[in-house]
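Student: One letter stands for each residue in the lines below.
2 protein chains.
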Amino acid sequence: MRDTRTVLFRKARRQDLREILELLNDGKMGSVLERIEDPMPQLYIEAFDAIEADPNQLLLVGDIEGRIVASLQLTFIPGIAHQGAWRAQVETVRVARDLRGRRVGEAMMGHVIELARERGCALVQLTTNKARGDAQRFYRRLGFVASHEGMKLKLR
Amino acid sequence: MRDTRTVLFRKARRQDLREILELLNDGKMGSVLERIEDPMPQLYIEAFDAIEADPNQLLLVGDIEGRIVASLQLTFIPGIAHQGAWRAQVETVRVARDLRGRRVGEAMMGHVIELARERGCALVQLTTNKARGDAQRFYRRLGFVASHEGMKLKLR
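Here the protein sequences come in this chain order: A and B. Residue numbers for the first sequence follow this note's numbering, beginning at 108 and rising by one. Residue numbers for the second sequence follow this note's numbering, beginning at 108 and rising by one.
The set of hints was computed from the structure by calculation and includes no laboratory data. Keep in mind that the hints are not guaranteed to be accurate.
Treat identical chains as interchangeable: a pair holds within one or across any two.
[Said to hold, decoys possible] Only pairs whose alpha carbons sit at most 25 Å apart, straight line, appear in this in silico BS3-like list of lysine-lysine: (1) LYS237 - LYS259; (2) LYS259 - LYS118; (3) LYS135 - LYS259; (4) LYS135 - LYS118.
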């Protein structure tokens, strides 16, 4: 079994997009599939550039010897409430199927928590689909509390 | 009863901060109280400026003839997933106690949904404390689905 201490967590590069899309499509819960096409559809380039241009966004990947094995998006949100507290928000967490159960997710979330502390955030927050009981247990183990309902309104 | 159609929804100005803090302290659920002091504590000025400087953040207020009666923060989040979908995220929704039940919240959320559509967002999302059943019913009436757990990890 590969030692997951060798996972490098780093900012995604444009050339990682294809592998990120593959992670997104794997284990999808009945929603929109990503378009894995060559050349890369312009909408993903634009999305990547919007994230890249925003200092409060970070598209993070876990890299093992050049293979992208995990990804998530981190958003730093300034706020007035709680005495001007910043929040770190995690979206779209994925770990490659063949590497699940090897603490890659723990290592990635540990990295996120460290980044959130460095930025002075008071809170890390995320929502996780109620159908994914394993994900909830995973986040609880890390100290997250399911204190809130995560509510979504689809516009299209 | 005042006609709530007279509520003007607009971007917050720095001089609205004191009234926003009063809204935040009213109906607080046992967390950090805001410091309503004169002069305004620097930490709120900095938080306001961070929001103001970020084109993906909007601190929104409801104004009735110069009185701030409601507020929320809206964050536009770019993303790779769902074919490069943007999300609109709502935080820290408050309506003045004496104006509750008069559809100020509905009007404000209607405004938010309109802004989210204008920005091409695929989704509006928020988390609401599980202890606030009335808030959940309110969002359900607007079409939100409580499909997710809202998980929080406090860092301080």
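Student: If the cut is 25 Å between Cα atoms, do LYS135 and LYS259 qualify within a copy, between copies, both or neither?
Tutor: So LYS135 and LYS259 pass the 25 Å test inside a copy (17 Å) and across (23 Å) alike.
Student: First find the shortest C-alpha distance between LYS237 and LYS259 inside one copy, then the shortest across copies, and answer within, between, both or neither for a cut-off of 25 Å.
Tutor: both (12 Å within a copy, 15 Å between copies)
Student: Quick one: LYS135 to LYS118, C-alpha cut-off 25 Å, is that within a copy, between copies, both, or neither?
Tutor: within (23 Å within a copy, 37 Å between copies)
Student: Evaluate LYS259 and LYS118 at a C-alpha cut-off of 25 Å and name the case that applies: within, between, both or neither.
Tutor: Answer is between: at 24 Å across copies they meet the 25 Å cutoff, but 28 Å inside does not.
The structure agrees with every numbered hint stated previously.
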